[in-house]
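Below, each chain spelled out in residue letters.
Number of protein chains: 8
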Amino acid sequence: MNTAIAKILEALRQNDISAEEAEKRIISFYHGDLGFADIDLRRQARTAYPEVVYCAGKTLEQSLSIMKKMREHNLPVFATRASKELAEQAAAVFGEAVYHELSGTLSIGELYAEDGREGLVVVAAAGTSDLRAAWEAARTAEFFGSNVRMINDIGVAGIHRLFNRLDEIRAARAIVACAGMEGALASVIAGLVSVPVIALPTSVGYGASFGGLSALLGMLTSCAPGISVVNIDNGFGAGYQANLINRVKSNAV
Amino acid sequence: MNTAIAKILEALRQNDISAEEAEKRIISFYHGDLGFADIDLRRQARTAYPEVVYCAGKTLEQSLSIMKKMREHNLPVFATRASKELAEQAAAVFGEAVYHELSGTLSIGELYAEDGREGLVVVAAAGTSDLRAAWEAARTAEFFGSNVRMINDIGVAGIHRLFNRLDEIRAARAIVACAGMEGALASVIAGLVSVPVIALPTSVGYGASFGGLSALLGMLTSCAPGISVVNIDNGFGAGYQANLINRVKSNAV
Amino acid sequence: MNTAIAKILEALRQNDISAEEAEKRIISFYHGDLGFADIDLRRQARTAYPEVVYCAGKTLEQSLSIMKKMREHNLPVFATRASKELAEQAAAVFGEAVYHELSGTLSIGELYAEDGREGLVVVAAAGTSDLRAAWEAARTAEFFGSNVRMINDIGVAGIHRLFNRLDEIRAARAIVACAGMEGALASVIAGLVSVPVIALPTSVGYGASFGGLSALLGMLTSCAPGISVVNIDNGFGAGYQANLINRVKSNAV
Amino acid sequence: MNTAIAKILEALRQNDISAEEAEKRIISFYHGDLGFADIDLRRQARTAYPEVVYCAGKTLEQSLSIMKKMREHNLPVFATRASKELAEQAAAVFGEAVYHELSGTLSIGELYAEDGREGLVVVAAAGTSDLRAAWEAARTAEFFGSNVRMINDIGVAGIHRLFNRLDEIRAARAIVACAGMEGALASVIAGLVSVPVIALPTSVGYGASFGGLSALLGMLTSCAPGISVVNIDNGFGAGYQANLINRVKSNAV
Amino acid sequence: MNTAIAKILEALRQNDISAEEAEKRIISFYHGDLGFADIDLRRQARTAYPEVVYCAGKTLEQSLSIMKKMREHNLPVFATRASKELAEQAAAVFGEAVYHELSGTLSIGELYAEDGREGLVVVAAAGTSDLRAAWEAARTAEFFGSNVRMINDIGVAGIHRLFNRLDEIRAARAIVACAGMEGALASVIAGLVSVPVIALPTSVGYGASFGGLSALLGMLTSCAPGISVVNIDNGFGAGYQANLINRVKSNAV
Amino acid sequence: MNTAIAKILEALRQNDISAEEAEKRIISFYHGDLGFADIDLRRQARTAYPEVVYCAGKTLEQSLSIMKKMREHNLPVFATRASKELAEQAAAVFGEAVYHELSGTLSIGELYAEDGREGLVVVAAAGTSDLRAAWEAARTAEFFGSNVRMINDIGVAGIHRLFNRLDEIRAARAIVACAGMEGALASVIAGLVSVPVIALPTSVGYGASFGGLSALLGMLTSCAPGISVVNIDNGFGAGYQANLINRVKSNAV
Amino acid sequence: MNTAIAKILEALRQNDISAEEAEKRIISFYHGDLGFADIDLRRQARTAYPEVVYCAGKTLEQSLSIMKKMREHNLPVFATRASKELAEQAAAVFGEAVYHELSGTLSIGELYAEDGREGLVVVAAAGTSDLRAAWEAARTAEFFGSNVRMINDIGVAGIHRLFNRLDEIRAARAIVACAGMEGALASVIAGLVSVPVIALPTSVGYGASFGGLSALLGMLTSCAPGISVVNIDNGFGAGYQANLINRVKSNAV
Amino acid sequence: MNTAIAKILEALRQNDISAEEAEKRIISFYHGDLGFADIDLRRQARTAYPEVVYCAGKTLEQSLSIMKKMREHNLPVFATRASKELAEQAAAVFGEAVYHELSGTLSIGELYAEDGREGLVVVAAAGTSDLRAAWEAARTAEFFGSNVRMINDIGVAGIHRLFNRLDEIRAARAIVACAGMEGALASVIAGLVSVPVIALPTSVGYGASFGGLSALLGMLTSCAPGISVVNIDNGFGAGYQANLINRVKSNAV
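Protein chains in written order, with the numbering used here: chain A, 1 to 253; chain B, 254 to 506; chain C, 507 to 759; chain D, 760 to 1012; chain E, 1013 to 1265; chain F, 1266 to 1518; chain G, 1519 to 1771; chain H, 1772 to 2024.
Keep in mind the hints are simulated off the structure, nothing from the lab.
Nothing false has been slipped in among the hints.
Under the rule of at most 30 Å between Cα atoms (straight-line distance), these lysine-lysine pairs were calculated in the BS3-like manner: (1) Lys1602(G) x Lys1576(G); (2) Lys1576(G) x Lys1586(G); (3) Lys84(A) x Lys1855(H); (4) Lys1349(F) x Lys1323(F); (5) Lys1334(F) x Lys1349(F); (6) Lys575(C) x Lys564(C); (7) Lys502(B) x Lys249(A); (8) Lys337(B) x Lys322(B); (9) Lys1349(F) x Lys843(D); (10) Lys1767(G) x Lys2020(H); (11) Lys1602(G) x Lys311(B); (12) Lys337(B) x Lys817(D).
Restraint ranges, calculated between C-beta atoms of paired labels, are given here: (13) Glu1361(F) x Gln568(C): 56 to 64 Å; (14) Leu861(D) x Ala1827(H): 53 to 61 Å; (15) Val93(A) x Ser1077(E): 58 to 66 Å; (16) Asp926(D) x Asp420(B): 54 to 62 Å; (17) Val1864(H) x Tyr1124(E): 57 to 65 Å.
Just a sample of chain G residues kept apart from chain F, beta carbon distances all over 10 Å, derived: (18) Arg1531; (19) Ala1537; (20) Pro1594; (21) Glu1614; (22) Glu1628; (23) Tyr1630; (24) Asp1633; (25) Arg1683; (26) Ala1689; (27) Lys1767.
Virtual Cβ for every residue (Gly too), placed ideally from N, Cα, C.
My request is simple: use the sequences and hints to build the entire structure.
What follows is the structure, encoded as structure tokens:
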């Protein structure tokens, strides 16, 4: 039974509020219960996680004003595709902004302090050129509450490198496999572990890579079970999903 | 320190085995440790899950002989894209075969008895035509150890239907969102829950659906975080991944 | 019976004009009746709407000289994809130019004064990045005779935002649903209203968005009836069509 | 003010109902107001139009049982992609079924009697091979309340044929332009009329037609304003949208 | 009988040349007969037309040195995709260079003097943005020996404009129909004439134009016979082919 | 001056006809002049060529009834994609039907008797599998008035075969180059001749041929000038265009 | 110096042959030297290998008559995509036909007896469904002179299986890596060997495999050097190329 | 028998090393034998070839530091896609750097001195614009141990040029055929030689070349056997593979 509505009704029955007021509160509440409320105030309460600021295609002003509004409500800010210039302005305004240039991620305040993080997410990257996406995933998973280990340069062309790191990989509760070109890293890892692999295709490559299409198709059609895929270069989406998996029992009702 | 190798070396030092024998055992062991072993005997021990039989593109004889070999090693069998004819022959040979015609899944023996299953996976399907893929996901997740609830006919064209089932959906630790055409179901669900959504695009549709491409692209580019995607019509992959997520703490080392 | 031709024939019979002159006039008229006439003078008379100036791929000089020619014939000018520089030059030349920078639309003179507009077109945009296209649609519909309301930031990832604005949306006689990425906004709206929805896909997104292809395909294959689609980023086309719908009884013969 | 909720609250205040009952009624009502109700009973009330039965990918039994349920609630049935066999069974069950074989449309009961239809929708088809889609559009528009005129064989390769029918075309309040191959018919018509054109690409053609892709792209990129497009071969969608346009003032609140 | 070889053999028999010399001449001749010769010297003799210089992707130096080599052999030069800078340098070097900036074509010397041209090629362009490609076609056809008439701004969205110019169009022996977006101009023209139409798709458009793909597919799948198509933006190819057609009897053996 | 209109006007002036009659005749004539007339009777007069019957997607009855109508007006019939069954029925009805099974072409009556044909069209096919399309081209060109020579099995993998036939190829006024797979035949031929080459891509091939796409793209992007392309497998279009070219001076006004 | 021509010239000088005869012989010879000769008789002499018969798209009669012609000239026959029915007829005609049903290859006579084969080609296949293409490759390489070893079921999802066979793979001078779906096998193998890998993508898979496109793109964009790729399902091409590589020093001049 | 392991075991048995040391050496060795070792030190020993530095997407610093590490271990460096700026810095650091600007290749030290190279690789390029890719192939093959001859400007549009160079081409043990646009060069060459052809498609072209797709598809679907294909513009891959082929017997065990 929905106790918030019950309280409104009780107030009505006791004539503390008018029928009009009761109707208005019920409608307002109902929207809230479905999430019909102001983003900034309610999303974190509703889904455990606050809104994320995607800075691409926004002006510096737009990005900063969203951040300000969130900070006014004491919400921690996590922003992706943030430019160095934005980071500098944010630092000037908020003081505490933490910027990670390679991945273009910016955080102001913390959702989870370091000791509040749990489990382990491994982000495995095929090569140096995949690092922007990989670090976006790593930073995202960390912000939203996971311990994260980055393992780089384990592309399948020299598969021994992957085997050398296998124990570290197997320690994870969720793995992000990040690769461009043919994207075979996801298939090989998924064949060696028993936890979910989030495949993160990157646009690294040229010619028949077609901007990441080859990696994307390869990951979608992998012969190994235990893989699901996010959009090309979507490090945020991969890290967010890996964190959800890592914390699935903590978050689930 | 690797105690298995230590034991071999100790046996060698005590002359219980020859150097040749020691070398052979070491090599064999090493392969085993990486998973270098016979599939049927070792995969379940290695990844907690036995091999799955994908029947499409195999003759009845090929499928049956793989099943027989697995049963000889006391492994439970789970087969996908199984025809009714194969199911009948399997029933004749193994007696205990359980066939689910709509999804084309066939199981012989159980990996988890009903009371060994844990958590909840919800499989949400947009419409009747998506049910083959959806049920393949549901049956897979159940075989590999999840309680499963199927929720059908909640496509976004009449979004009230989805809201009517929201409590049931929110009870899950992992959700499979199965839809063809524009595949918007995944976006809408992911905006309303705080657990991972596995998007399962189907080839339902015609014209610009291009065999499921529209749903696939839509799911990959979703504006909602918390979604990862499997191949078109790959109910098995979706169910397998959802189960891995649901059981992630149980399975993880 | 075609009275214009009748008049020519009468003039001929009365020897007011020669047979050669009559033939020439008939040919000339006939072309006119099919629209065989100078664009600037006849299009507005023929289809109720004057030519629109699409500035992309034209030089400043070309755009300005078309505008001048139209103004000489007392036609109101509506231009799309106009740069700020063009707007400034137009203001210098015509004085009365109204420029809307975000959408790149420029108008000189009015086709409909504010009180001549009728009905209501709602332009619903999923997010901030979709606003260029959305405002192009809004400005177009307004110029061609509709009252317009813009509703922004109601993407399906937080579907409560859309419900909060539902009454406003339902007040329209035609709705433009503008979204990038998976473009699910069109499906969700169409399931909730009973007027035509013009789906306007945008190139917002990256990776598998393929420049707006994902939104386009999603909108074309929507599971909801009552949707038709315009080209990617074609705000003008969407606003023009929405206005035609809104005014369909006023315009139709 | 929402009087239905007011009534519930009044009943509560007068102790005619308990607080629990009031809460339940409010929740139930609210869902209904958004459309949260049983499809069959509520959709027609909500959007003016009942559910349509899309028979492709459904068994005869599935299609028939949906039809039965709708008839039990006195709803008129409109079904698309219906086979002749289904039509015969429907005729046996419902008696009054009207089947149009070329378009595969089947109706049982009427939404609008002939004299309740209004306005005019013209369905213009380029050639004989486009007639399945064109007639699906025509039958749909008629069922949902429009007078419809079909004009066939006016493809642009012999453009005089289109001009011969121009007066008939111009009498419409909405036009469906149906063509395969290069789909140029939509552009040419839209340049000659001042009402909305719904472009309906068909899969007619071979080679570089790529199953209707050439017509679809051509229609989306038309140089003429006043066109919006539906999915390839989606006659139902085109006819439904044309009818919505034709009746826009009658339907709009 | 091949008289050139006969002459060599005769010279051998008369001991005017040695056997080695005879063999060398025969080999050399044979290559020549197949076209095995220096490009600059032989192509014009072989196919009636000299090599054309495609300047895109060549440095100014490379382009100029090819031109110099051709001029040394008294060959007229025709160059496409030539920059203004190249034109200026060519003018400095060769004096007589004629540059057409809009189309980026440059000629040095003449293949045909004006009174040597024959027949008529019409180049019909849909709109202003198509003019670069259209003028490249026009200039090419003229250089290689055709009289050319350019007709602009006759896109099908206002089809009366095309009819106004129909007599001029029908005077041609070959027509280039140049259009972007949906490219319908080619279909409409081909339905009205009885000479070959060379369809020249341009990359004009955005979104679903996909860089000219929509026009290309539309022209390839045209419902009108008498059309063949060249590559997107390939004005040179269209003009060259139109000229070959116009002069087919003059050139053919 | 348009003498037909002059005659009508003269008849009016002399009161032989009424003004109403004159107006009606003028309108009717004008339509005719633009081609506004019945297809069967006027097309041959207008463009020198009668309508062609494309039998794919038409029932036997539809095809036969079109043929009958044409024969009643003494028009010769040329039909493509005709089945053997249709050919047999046509033979029964018309007696004189000539069927070419490999190409699926059927003719009834002649447009040009053998001695009325002129010039030479060569149809060059890469291999046996290309023959359906190639013969469709050959039969079309012949019906519409060209002498035709078919040269088969000269694919570029054994380029000597092409050189062996070079003299025959060079005798043509227009050449159809018909090939699937990579379609290189068109490039090689165009480099060796000085008449127009119509490239006819076929769907011969598998895998990355993508139903003829590889040949189509290859032909469109050929490095040789003097090529234009028709749709995949469109033998009719290629033969029709080659004939137009071959007869360009005879047909042109 | 070309001695064959020298001999002809010498014969001429000594009047053993006429000038006409000499010219004819020279032309004939020259064609032959470039390969200008009858396929059946000359190809084997020219390139060391006879023509291969590709039976798809040929009638039984066509295939058999080509085989007969080759046998008359004592050429061994190798045919691909041969049906069982063709094999039976070939056996009836030629007696010695050897048919391999799984791969659809048929040979009559031998190009190399078993002891004439040299080196080793390994054909590595990812799974059972890839065997048709893999065996086509194996049989082709064997016919054209290589010893061949087939290694199956070593897909990367269980990479230990590949390592178990690594010594066998490394013994090859050329390796065919045959896989569908994501095709990662080629990358992994190429990272472990130092001989050329011919990647053979297959159409095995569904959904986003797009008929082998995912494997094709993955192989083309492999991060490992030492890979080149053939067409989807083109086992013949892969085996032929692997054999050329294996025998490169034996064949090269 | 694996003698390295045997030696370790012998050392253990003789108590020269402890069991812990033996285990560590065995594990270390085993990794090495599979390639489980540091890239820089072991790859050359393992596959005969050192790592190659792909500079695109790496900073100058990253590229230089990889080069330094390799030079510290006395490994020769070969780098592709190197900018002029990188080359200058490398020259400053290493002194001996050899830069080839057109191809963007940079080498420091030699893998094979000139007299250590063997065989012949021919790189055949269709035109000037293909030279970047072609020279990348040539420089790669040379660095890794082949004699290389570059043959340019032999595109099929003037096929005599190819025949003029045929003897030179036929002298190779492996051929790289490099072309953009329709890529027909590979087919024509493969039909004239008996050694493997590596087809190297380039992105040269515009419009329907789609960034090299037309050449890629053409080469994959070639009608000539003996062709395998690398990624678009992947000169390195083509040269590497051609060198492997050329040296196949030298490298193979």
